[in-house]
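Trainee: Spelled out from the first residue to the last, the chains are:
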Amino acid sequence: MKRSRIASLLLHAALVLGAAATLFPLFWMITASLMPAGEANSDPPPILPSRVTFEHYAELFTRLNLGQAFFNSTLLAAAVTLLSLLLNSMAGYAFAKLRFRGRGKIFGFLLAALVLPTQVAILPLFLLLREMHLISTYWGVILPGMASIFGIFLVRQYALSIPDELLDAARIDGASEFRIYSQIVLPLCKPILVTLAIFTFLGTWNDFLWPLVVLTDQSRYTLPVALANLFGEHVQDTELMMAGSVLTVLPVLLLFLFLQRHYIQGLLMGGVKE
Amino acid sequence: MPAEAIRRSARAEARAAWLFLAPGLGIIFLFFLLPIAAAFLLSLTDFDLYAVADWRNLRLIGLDNYFRLLRDPIFWKALGNTFYFVLVGGPLTVVLSLAAALMIQSRLTRFRGLFRTAFFAPAVTTMVAVATVWRYLYHPQFGWINRGLELLGLPAIDWLGSTRWAMPAIILLSIWKNFGANMIILAAGLQNIPESLYEAARLDGAGWWAQLRHVTLPMLAPTFLFVGVMTCIGYFQLFAEPFVLTRQGEPLNSTLSVALLMYKEGFRWWNMGYAAAVAFVLFAVILAATTLQVRASRRGEG
Chain A
1 MKRSRIASLL LHAALVLGAA ATLFPLFWMI TASLMPAGEA NSDPPPILPS
51 RVTFEHYAEL FTRLNLGQAF FNSTLLAAAV TLLSLLLNSM AGYAFAKLRF
101 RGRGKIFGFL LAALVLPTQV AILPLFLLLR EMHLISTYWG VILPGMASIF
151 GIFLVRQYAL SIPDELLDAA RIDGASEFRI YSQIVLPLCK PILVTLAIFT
201 FLGTWNDFLW PLVVLTDQSR YTLPVALANL FGEHVQDTEL MMAGSVLTVL
251 PVLLLFLFLQ RHYIQGLLMG GVKE
Chain B
1 MPAEAIRRSA RAEARAAWLF LAPGLGIIFL FFLLPIAAAF LLSLTDFDLY
51 AVADWRNLRL IGLDNYFRLL RDPIFWKALG NTFYFVLVGG PLTVVLSLAA
101 ALMIQSRLTR FRGLFRTAFF APAVTTMVAV ATVWRYLYHP QFGWINRGLE
151 LLGLPAIDWL GSTRWAMPAI ILLSIWKNFG ANMIILAAGL QNIPESLYEA
201 ARLDGAGWWA QLRHVTLPML APTFLFVGVM TCIGYFQLFA EPFVLTRQGE
251 PLNSTLSVAL LMYKEGFRWW NMGYAAAVAF VLFAVILAAT TLQVRASRRG
301 EG
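Line order of the protein sequences matches chains A and B. Residue 199 in our numbering is what sits at position 199 of the first sequence, and the numbering runs on without skipping anything. Residue 160 in our numbering is what sits at position 160 of the second sequence, and the numbering runs on without skipping anything.
So here's chain A without its partners, still in its complex pose:
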């Protein structure tokens, strides 16, 4: 009995230390963003601000125009999420429930393509979008994000559990295939669609390389691109950069905290069923 008491104590000490160390960078990011200019660079560095100020946030939105980047990020993440939800759910449903020649082969091919690194596609993708005159447009980010193999896979796995009888009954009643999809399949798939929506939103919000390449005009920058750009000029302004980081991270962190059950479910479907 006593031994397990000690084991439990050690275990929880390790967990608390680990959690504190893990959260410290995020905690300090927030406190430093509220410090008066220059205070973060004291020796030893302070943990809490001597006086709470929101001047850095004000500067981000007024002089540095990060409000535009915030708008761009929100718009792009929302648009990619909605459109990819539609396309992925349609394709995932077809792979799960509709019979056609070559279904297994095509799906197997897609699964194999899941390991292809996206970075390899970037150079030709840039040239392709240049030919389409989509460089530095919102569509330059939206179009390539409108469908994903992972999303199709996730919906397909979930839709497999829909009973065929339900769909056949609707067909006998004369429902069109699109009606079956929109009125029966989509409502049944709601849990996985919520998961996929969070995944896509976070992924698009956090993405860096592609927006960096395709959004060449400052008015189209997403937050990560704008932040990296700001970093070049304001590397000395610790508190300002921390405010910019909070602005970038906090929305997705909050989204995750409120919806973490759904997010983790998606992570597990990708991981365990492979």
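Just so you know, the hints here were simulated from the structure itself, not pulled from any lab data. Among the clues, some could well be false.
Unchecked claim - Simulated restraints on C-beta separations:
(1) Ala14/A - Glu199/B: 18 to 28 Å
(2) Gln183/A - Tyr66/B: 49 to 59 Å
(3) Arg179/A - Phe67/B: 39 to 49 Å
(4) Ala156/B - Glu233/A: 49 to 59 Å
(5) Ile74/B - Gln183/A: 53 to 63 Å
(6) Arg295/B - Gly67/A: 19 to 29 Å
Unchecked claim - Footprint (simulated), chain A over chain B, 3 or more residues, beta carbon under 8 Å:
(7) 62-74
(8) 79-93
(9) 117-130
(10) 176-186
To be verified - A few chain B positions that, by computed beta-carbon distances, are all more than 10 Å from chain A:
(11) Arg8
(12) Leu34
(13) Asp48
(14) Ala100
(15) Arg110
(16) Arg135
(17) Arg147
(18) Arg164
(19) Val215
(20) Met219
(21) Arg298
Glycine residues also receive a C-beta, built at the ideal position from the N, C-alpha and C atoms.
Fit chain B to the known structure of chain A by using the hints.
Mentor: Okay, now just chain B, sitting in the frame of chain A:
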């Protein structure tokens, strides 16, 4: 004629399927699969700034870009750095993920959900933003990491300014950012191990360590392989960390990764043919590493 009706409905179903598939597959083909294939063709050309201006300046040069790569010390440097990152950072990440998963799933653990959320939080953050935060944490004089070392009685380190410590700094950031996601997957794997196996092991007198070695780890092997492969694929594509944390590969290219080299060659200097060759080598390396890992684990099982 029922047979005719069935045939007709099967045809209708197939037609509907293709209508449902067409938009999604079209996007994936046009904006993902086609560009990957095109990357190889691009790597066989001398596509540069002149070709960006006018396609007619484009010439096929066979494998010249690849031969040039072999003679380019910067490329070897980037490849070496990337392997350093993957081979050191990858195992450390996975081992820490496993340790965290074991602790989270321990029967003794209370407030499990709270700890899980804390460990997982970095995984959902934006790399560019947290790399910015870590740049200040690594500050030689005012940074909290050196302050921590000082409290432990250790000497200060010039993390981002020295060729020796810049890559470890990137590895530390990446471990922090990524171990939580792996932990979640491994924890679910642990949950799927039937309790009866542990009971049987305990009846045989197995202690904590023996249970871990003979029950937990073998049963967890498939999940572990998945996590290892995904971490490996992700780590080979190292980009945002050195882009922000060490200002695009400094000092003296000691954190220049293959992906960063591709970006610089392609989008800074518009040597897109050459950059495509870099990208394709990265592709080949990732494919080889994945195959190797899967093979090795199969041999381990058999």
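Trainee: Where does the structure disagree with the numbered hints, that is, which hint numbers, in rising order?
Mentor: Those not satisfied are hints 3, 4, 6, 7, 8, 12, 14, 15, 16, 17.
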